[in-house]
Amino acid sequence: MAMVGDSMVNRVLLLRTWRFAWLRVLIVGLVTFAWGWLLLFFYSQFSDAIRQLVSSNPIFEQFANFGSGNLFTVPGAITLGTQHPFLIALIGIFAVGSAALAIAGERQAGTLEVLLARPIPRRGYLLTQAVAILVIAGLLVALLLAGMVLGVQTQGVADQLDFGQLPLMCANGFLLWAAFTTFSLAMSASFDRSGPALSLSLAYLLLNYFLIILGSFWTDAQWIQSYSLFDHFQPQEILAGKADPYDFALLTLLTLVPLAYALWIFPRRDLAAPA
Amino acid sequence: MDLPAAAAAPPRATEQATVISTERLTKHYGAVEALSELSLEVRSGEIFGFLGPNGSGKSTMIRTLLGYLHPSGGRASVLGLDVVHDSVEIRSRTGYLPGGISLYGSLSGSDALAYLADLQGQPAVLRNELCERLNLGARDLRRRVRDYSRGMRQKLGVIQALQHDPELAILDEPTEGLDPLVQHAFYAILDDLRAAGRTIFFSSHVLPEVERVCDRVAIIRAGRLMALQTMDELLARRKRRITLRWRGVAPDLSFIAGLEDLDVRGDRATATLLGEVGPFVRAVASPSLEDLTIEPASLEEAFLEYYADGDGR
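Same order as they appear, the protein sequences are chains A and B. So that you can map any letter, position 58 of the first sequence is 58 in this note's numbering, and since no number is skipped, the others follow by simple counting. So that you can map any letter, position 52 of the second sequence is 52 in this note's numbering, and since no number is skipped, the others follow by simple counting.
Just so you know, these hints were derived from the structure itself, not from any lab. Glycine included, every Cβ here is placed at the ideal spot set by N, Cα and C. Each hint should be verified, as a subset may be incorrect.
What the hints assert, rightly or not - A few chain A residues that face chain B, going by a derived Cβ cut-off under 8 Å, partial list only:
#, residue
1, Arg-16
2, Gln-45
3, Val-114
4, Leu-116
5, Ala-117
6, Arg-118
7, Pro-119
8, Ile-120
9, Asp-270
10, Leu-271
11, Ala-272
12, Ala-273
Construct the complete structure from the given sequences, taking the supplied hints into account.
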């Protein structure tokens with residue numbers, strides 16, 4: 001067991017959690033990687049055609065931008081790829097779904113009962129689940145970028161990308177999903193049934209997504225984007241060498257606060273017999 | 001069962017040491033009082049029956065001992081360790097079978113047992129023998145848990161609780177779903193564990209099995225302790241049903257102490273007897289007494305007496 005503060009990450013539990021999820025991680029990881037490559041393929045194949053379409057009729061400009069991304073530049077395509085609902089759904093399977101079910105789902109199924117009959121501190125259980133899911137989320141973000149890098153190389157547009165900024169972009173993307181993961185874990189630690197935990201976690205994700213998308217389609221409401229977590233992950237700006245430390249600080253804070261709450265509430269909760 | 005003696009392996013509890021101790025243990029859920037000032041002691045090397053109907057507080061007590069629930073008042077210790085501050089250490093030295101156990105359906109039986117033993121951090125020294133005695137063969141263990149019948153899941157639950165040879169086993173309704181043959185095998189396992197000095201805390205509402213295996217019994221009702229006695233003590237003061245038959249008309253029996261519900265019809269009399277059998281037999285002995293039947297006192301009678309009034313919670 002590895003010590004983390006006064007709690008522990010349980011190696012057996014960690015490995016088993018990954019073993020339970022490996023097939024899903026493999027499938028989602030491959031699709032995420034392919035998605036990263038596909039975005040750059042679309043960019044290289046269709047950006048000129050879309051640019052001509054937009055210049056012929058400005059009404060299309062609204063639809064050529066999605067969130068903070070577009071298909072006119074490599075950084076724009078990368079940004080579009082990271083904010084597209086398809087990718088949100090892919091990474092959300094783990095960052096929201098698995099995290100929201102990590103405790104509440106096991107409680108509802110009755111299996112947490114058997115696990116906590118072993119000498120595992122509740123904080124240790126929670127930290128192990130957090131580490132397991134955060135590693136998966138980080139892996140998926142890395143696979144997305146790996147797919148994009150492959151796309152840039154195979155489509156011959158490598159000169160348009162500053163590779164030196166990729167680690168920073170990867171870290172920012174990871175922090176974004178870490179914030180959703182720990183919020184979902186906090187919900188999971190707060191409820192005995194998976195329904196409320198999953199609903200609230202999903203609502204948090206969708207609300208943040210709604211704010212960023214609404215702001216991008218409705219210019220008068222652009223100011224509300226700053227209230228979305230997605231607004232604090234701007235690949236275009238990072239790739240342009242203009243990463244904002246405030247984004248990193250805020251996402252780190254929004255990762256740590258729900259985790260601290262979960263670590264506080266879970267050991268204090270009464271775990272009555274499952275219904 | 002080939003087990004080392006409990007006393008031979010410190011820091012295991014020594015013979016007759018107190019393994020579980022509660023002092024005025026209380027648990028509220030809002031306004032509902034699930035446990036009320038419950039005080040009891042379970043000694044090392046005994047099988048302790050914890051009796052009560054559904055909703056009487058049995059599971060609340062067990063969950064408080066294992067740290068799933070936090071006491072609202074009073075104190076409790078298990079193996080000399082405080083249930084609030086030392087629950088991880090307590091769980092490292094106990095085995096627990098939850099009522100209506102749920103296991104990962106996607107795992108095979110053997111994988112589930114191996115996983116839980118790994119989490120326990122102790123070798124599963126009794127697994128093979130328990131599987132054999134509970135008739136859970138290698139073929140069964142290769143099947144996924146989701147395909148198990150309720151009885152097979154329960155067997156797996158019993159094995160996961162006992163496979164690491166814990167000092168104390170806390171078993172919540174352990175024979176639920178087990179067929180009679182396996183139940184008897186299970187009782188024999190408990191006897192062996194007791195002989196090796198292990199302690200069993202056994203919650204049940206199946207009275208005959210408690211009567212069969214337990215040394216001492218606590219009866220709780222609505223979270224309150226109604227009785228805490230050895231099985232012999234409990235049964236000794238129970239009412240027994242008696243039937244007598246004479247040659248000719250039955251004599252007057254109303255003078256005999258402890259006789260209740262007397263019903264005399266011709267040469268026969270039936271009644272219930274409270275207390276010692278000896279004085280009664282001496283009182284009724286006569287050459288004309290043709291037949292005397294005294295039914296054995298049962299735990300059921302004792303149990304029902306404690307639940308005779310009120311709503312039975």
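Each hint, compared with the structure:
1. Arg-16: Since chain B brings a Cβ to about 6 Å from Arg-16 of chain A, closer than 8 Å, the hint holds.
2. Gln-45: violated, 42 Å
3. Val-114: holds, 6 Å
4. Leu-116: Where the cut-off is 8 Å and the nearest Cβ of chain B is about 7 Å from Leu-116 of chain A, the hint holds.
5. Ala-117: holds, 4 Å
6. Arg-118: Check passed: Cβ of Arg-118 of chain A comes within 4 Å of chain B, closer than 8 Å.
7. Pro-119: holds, 4 Å
8. Ile-120: Holds, about 7 Å.
9. Asp-270: OK, holds: Asp-270 of chain A within 8 Å of chain B, min 5 Å.
10. Leu-271: Holds, about 4 Å.
11. Ala-272: Since chain B brings a Cβ to about 7 Å from Ala-272 of chain A, closer than 8 Å, the hint holds.
12. Ala-273: holds, 5 Å
The structure does not agree with numbered hint 2 stated previously, though it agrees with all others.
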